[in-house]
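K.L.:
Each chain, written out:
Protein chains: 2
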Amino acid sequence: MKPVLLIALINIFCFTTFLSAQEGSPTTLSSYVDPFIGTQGNGNTFPGATYPFGMVKLGPDCDDLSTNMGYKDTGKIRGFSHLHVSGTGGGPKYGNILVYPFSGDVKVEGYGSDRGKETAKAGYFSAELKESAILAELTSTPKTGIHRYTFNKSGHNGILIDAGSILGKQACCHEDQKLLGSEIEVLSETEIVGYNRVRGGWNIGEPFTVYFYAKFNTPASSFGTWKSGVKHPGKRMEFDSGEPVGAWLSFKGKASQMVEMRVGISFISIGKAKENFQNEAAGLSFDQAVEKARAAWDAYLSRIAITTADNTEKIKFYTALYHTLLQPADKTGENPLWKSGAPYFDDFYCIWDTYRTSHPLITLIAPEKESEIVNSLIDIYKNEGYLPDGRSGNSNGRTQGGSNADMLLAEAILKDLKGVEYGEAHDAMLKDAEVPPGGDERKEGRGGIKDYNIIGYVSTDYERAGTRTVEFAANDWAIAQAALKLGKDLDYKKYAKRAANWENLWRPVEHDGAKGFIMPRKANGTWDEDYRNREWQYYLDFAPNKIGVIPYNQTPSKYLNKGDFTVLTAGGWPDFFYESHSWEYSFYVPHDVRRLIARSGGKQAFLSRLDTFFSKKYYNIANEPGFLTPHLYTYAGQQFKSVLLLRNLLKKYYSEKPDGLPGNDDSGAMSSWYVFNKAGFFPNAGQDIYLISSPSFKQLSIALEGNKKLEILADNLSQEAIFIKSAELNGKPWNKAWFKHSDIKDGGVLRLTMSERPTDWGTEDLPPSRSDAQQK
Amino acid sequence: MKPVLLIALINIFCFTTFLSAQEGSPTTLSSYVDPFIGTQGNGNTFPGATYPFGMVKLGPDCDDLSTNMGYKDTGKIRGFSHLHVSGTGGGPKYGNILVYPFSGDVKVEGYGSDRGKETAKAGYFSAELKESAILAELTSTPKTGIHRYTFNKSGHNGILIDAGSILGKQACCHEDQKLLGSEIEVLSETEIVGYNRVRGGWNIGEPFTVYFYAKFNTPASSFGTWKSGVKHPGKRMEFDSGEPVGAWLSFKGKASQMVEMRVGISFISIGKAKENFQNEAAGLSFDQAVEKARAAWDAYLSRIAITTADNTEKIKFYTALYHTLLQPADKTGENPLWKSGAPYFDDFYCIWDTYRTSHPLITLIAPEKESEIVNSLIDIYKNEGYLPDGRSGNSNGRTQGGSNADMLLAEAILKDLKGVEYGEAHDAMLKDAEVPPGGDERKEGRGGIKDYNIIGYVSTDYERAGTRTVEFAANDWAIAQAALKLGKDLDYKKYAKRAANWENLWRPVEHDGAKGFIMPRKANGTWDEDYRNREWQYYLDFAPNKIGVIPYNQTPSKYLNKGDFTVLTAGGWPDFFYESHSWEYSFYVPHDVRRLIARSGGKQAFLSRLDTFFSKKYYNIANEPGFLTPHLYTYAGQQFKSVLLLRNLLKKYYSEKPDGLPGNDDSGAMSSWYVFNKAGFFPNAGQDIYLISSPSFKQLSIALEGNKKLEILADNLSQEAIFIKSAELNGKPWNKAWFKHSDIKDGGVLRLTMSERPTDWGTEDLPPSRSDAQQK
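Chains A and B are the protein sequences, given in the same order.
Per the numbering used here, residue 8 is the first one in the first sequence, and the count goes up by one each step.
Per the numbering used here, residue 8 is the first one in the second sequence, and the count goes up by one each step.
Hints were generated in silico from the structure; no laboratory data involved.
Each hint should be verified, as a subset may be incorrect.
If several chains are the same, the list does not tell them apart, and a pair holds so long as it fits within one copy or across any two.
Here are the computed lysine-lysine pairs in the DSS-like style, where the Cα-Cα straight-line distance is at most 27 Å [what the hints assert, rightly or not]: (1) K752 x K715; (2) K659 x K79; (3) K648 x K137; (4) K238 x K346; (5) K176 x K389; (6) K522 x K716; (7) K438 x K185; (8) K185 x K83; (9) K438 x K457; (10) K185 x K747; (11) K176 x K623; (12) K114 x K425.
Whenever a hint applies, use it, and build me the whole structure from the sequences.
P.N.:
Rendered as structure tokens:
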């Protein structure tokens, strides 16, 4: 009986939680957040202390400072630094202003400690440092890191700040971060200030400077500084000569001494860092700060309430939602590059990853925040010339495929996001679509756009021509739809036409029973029979945590196909496809699946092709280009296959364990994919429609703008009853396996009746495609 | 008799000076420098205190802070700021960290004073501030400004530092400087630190930050700060909230109080600014600093010794040499953007102006410095992707015509400049020549290069197509010659061929007796009959100080030719020609005058065309594209006409008065043109040859590398005897009106015998042209 009672209690509890969140009081949904999920394997999630969209991400940097999020479950903790990103791959970014507590003599190089117990919660992280028996506890405000160190040894205790430490100094392929310089000054017995200046990292970014103001609650009995590893006890200041510097404070030692420090961070100046400290952290105790961070998380997490008896399901769900809200970072007031009244967000890492599910999720549950994000993108375009795809450390870069910020701007228009200047959004998208970025075409904009706009596809004169062509086409449809809504009919016609450009690379080759694939084509119109990847070759074996990349000339022959380019040749930056191969990219026509079905030989051939794709493991759940593909069955009238497939994928590849994500979380992309698919519906990004699959919860409520809510009820849901028999939206029959944003944006109830067997529900009125509109 | 004696004395003095300079002891050639020359009219020269290639240029900012060099001879002095450029046009740059002394109550807005006597010398500037009866004196070290204020009123005296003040906030056409933020802190009764962060200006530059550490020799009795004009007496700190801030110190007043302050400047940090102060200025008295700056100037000025009885000639000559050495600014150790062992120079403003005469002059008299400059350019290419044409405030931009840094790099190779990695120089030039810069094609590289490389000219699809085509062709010849010297024969052939591309815009139209002009052509190969300027129209009237620019739609009809594009239509950024018209640009084929003569209809037609050009005032001495044109007679066998013309131009358009320059000095371009033409020879930039005209001095010595010297002797020189009758180089007859750099780089004596009448000297073996080489 116990389980049943528990379910009932939890149900009541959760719904109440949801309602009370609506009224603004805190809940404890954050207690389900486990920041360690995704920190092992390839998830690369950040486990430290931060706020929703927080600029400061204070967490441990471990081992050889080579991981993307700083953390590693093995090796020593090297200290706790203030800036991180979550879920990313490639060369690491950040890891600035590292703090390390010590007992005994200060070591300024090679310090670090094995660890005992680690604890991570939303807004809190702690670790026991074994050698020194110090308990390190961290929390944060949006722009301040708050540290509490409990020293358990007598003798001299101290805390050092290493302004020269950053992640990924040794990263490969020009993706290393480079320290340009650092400066530090011990202002008083309780204050240290300084900065470091860094460039590089995955996005090959321009220099940025991270300033800090550190305030200790315990006066130092002695202090010192160092430069390039040479200690200067008693010295107050190390000026910036391009070398790494640091400083330490030592405290008169006693056992069980507890020292708190608050570190204001700024991208503007030391004065601004101090101001951030004073505004956010000066008056807070450590415990108050932990509570405040928790409440900030609960305010966001409570925007979705789910009903389930399974605690593990809650942990997975709310942690996924938590991961989605880690980025982009709200740096409003911290833009050193220009002045404007617009919000300023950074760490879009990358929109190529997050436009598919993360931004649609934020648009749904926090439209006020998505509006700020979109406005910050438009402001970047206005001041720097181009929308970013990737942006971190205040620098645009890189663009893997299309100009996918277009998708966010188009959705803002299509979904009536308030407070966005639609005309400017339209202009920003057209810049992408028309003006070649030139110089470094990996940085921003659309590389190869001159080809695409003149001959209808990106030729093999340009790198990533396959990925670019299919994504530009999808981007163009987004631009077209937005233009239509804005009454710009000429633009609508122009971009709606270009949205068919993917067909210009559709070549009738056959492989594994499927006919027709996106293939390389020369500028003169002939197929490129001699195409070779130039540098990289991705492993093709599908297995979570085993996706890898190796230089082309080291690729084992089993992957190489004797060097020929085939539908299974996946690549990297200089190649035809980015991070995947033609099997995957030949499904990426999200705006015209109807036409894709036709080009694939009709419905049966298309369904068979999907079956082959998933059964032969050509599909890679860890890769964003395939995010929508499980839902394509729905477009071909077999919604139940999407349901079945997704149930298996969610179960197989996501868990509550540290290695519980199938691949790089990519700033929450993998996690937001999970949230939508667990909720039972999925956005087709850049458009205003959602596809209905099957919810995993009997009841799910989403708080919408203006105190409205969307409820999704799944009557008769069970382990077996996962198929939809019938549906009602707001009390009226709903026989389509999709709905528009306008259908639910003012709230409503989607009531589904579940069945143990597949039904015909949703197979008649199929989701819209570009070809439908073109036929009108 | 007196004059003769004086001449003799001066002769002895000067030569001795030259010799002693060779031995390293200071001379007083700097006493001939008058920094006021060029400060009125359009010269825009900087009259303040600085070092040769000095980073700090400390001088007065006047009136409404709208002039390019800060100074204006009318209106109030608003204070003394630490960074300037000299001779530039367009939107002003710099004017950072302004200091103003006051007596009585502090005013933090609208302060300023009428002035009494002003004095300017190499390394020194002073002004009497009338209202407050304060004598302001300025000097500098390379990276520190040193101020001495003598207060003559009793009552409270004070000094304010305005960190929010910059030049050109109101400049037109997106060329305004924008203050992004500022911060200031009164550290102690004798120290103020802070910074301001700025973007924009003529080169539409990225943000840069100017940090300062100011140390006073007199303790303050009170102090205060302000933000956005609101005073906060007694407050120590204003953090950066994006607004302008400042601070002041007040001193217990007494009459005849003298307060010195030293201001370390840095682009890195406040710590580095303090370090610069400590390294350069902490131990120097004001008078010692003045002496040291003077000696630094003399060390450079003494590299050329001239013999003349005319003091005014010396003033004009050494001031011109002084102007040439003001820029680029040596910022080695002050690069916030990347780390490298290379030198770092900034304020190339622009190479389009200075490649023709300034860099050839520096190469000749200070090759060790030109080598550093070239290495810094290569380092910019290596770290940012492109060589600059313009660069200021650590940002590339803009490129008016060709990629003229190529000329400097090619010359470095052709003239055997030591310490330059020639292979890297070659790579940097090829990047310009091959890779479209894209995005903002005004920033760097070659806009329109895809046209140029494929169809052989820049079509009217691109702006500045005429200027670009002719300059790309000259650049390509420079690349070709350097490649040839490096043994890169394929590159030589490729670029030597492209160097003929100017001919593709040569259209056989007739005007004023001349046939054949560079004219607009469409991408499809047809002449662009409908070409219109898009935005700007330059005045065509030739008159010094009257060259102007007006918006096209406001152009008086007398200039407009009813809107038709003609050979006299001059333009600006978006037009076919930059800053000039086809008459001028159709002479710009510096690398193939032989072919130009042929295309112009042969020698007689060409000479007649030159006569028309100069007599009809189509020539504009104030514009760089015509720098070489007076020498083109020499290529057509009438060297004497070049001599006669140049004598008249030098006399008519240069004087020792404040308005003594014919136009913007453009970082010394006008001045170095003067130096060469007074010396009697002239470089054909991007090549290794010099053209001999006629010296203005009986004797001129140039100190070359390795204690060698080049002497130019003009026997029988007089007001009338200006033509060359015969010549010897190192004792052997020299019948060519040109020589190669290799002919003189190890020193030598060029002895000319002058005549009152034109002779046949130099009319046989004419200067080399591309067409000669192509015929071999």
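K.L.:
Take the hints in turn and mark each one as holding or not.
P.N.:
A quick look at each hint next to the structure:
no. : hint        : result
1   : K752 x K715 : within (8 Å within a copy, 84 Å between copies)
2   : K659 x K79  : within (24 Å within a copy, 76 Å between copies)
3   : K648 x K137 : neither (51 Å within a copy, 89 Å between copies)
4   : K238 x K346 : between (40 Å within a copy, 23 Å between copies)
5   : K176 x K389 : between (33 Å within a copy, 20 Å between copies)
6   : K522 x K716 : neither (45 Å within a copy, 79 Å between copies)
7   : K438 x K185 : between (32 Å within a copy, 25 Å between copies)
8   : K185 x K83  : within (23 Å within a copy, 47 Å between copies)
9   : K438 x K457 : both (13 Å within a copy, 20 Å between copies)
10  : K185 x K747 : neither (47 Å within a copy, 45 Å between copies)
11  : K176 x K623 : neither (39 Å within a copy, 64 Å between copies)
12  : K114 x K425 : neither (54 Å within a copy, 45 Å between copies)
Of the numbered hints listed earlier, those contradicted by the structure are 3, 6, 10, 11, 12.
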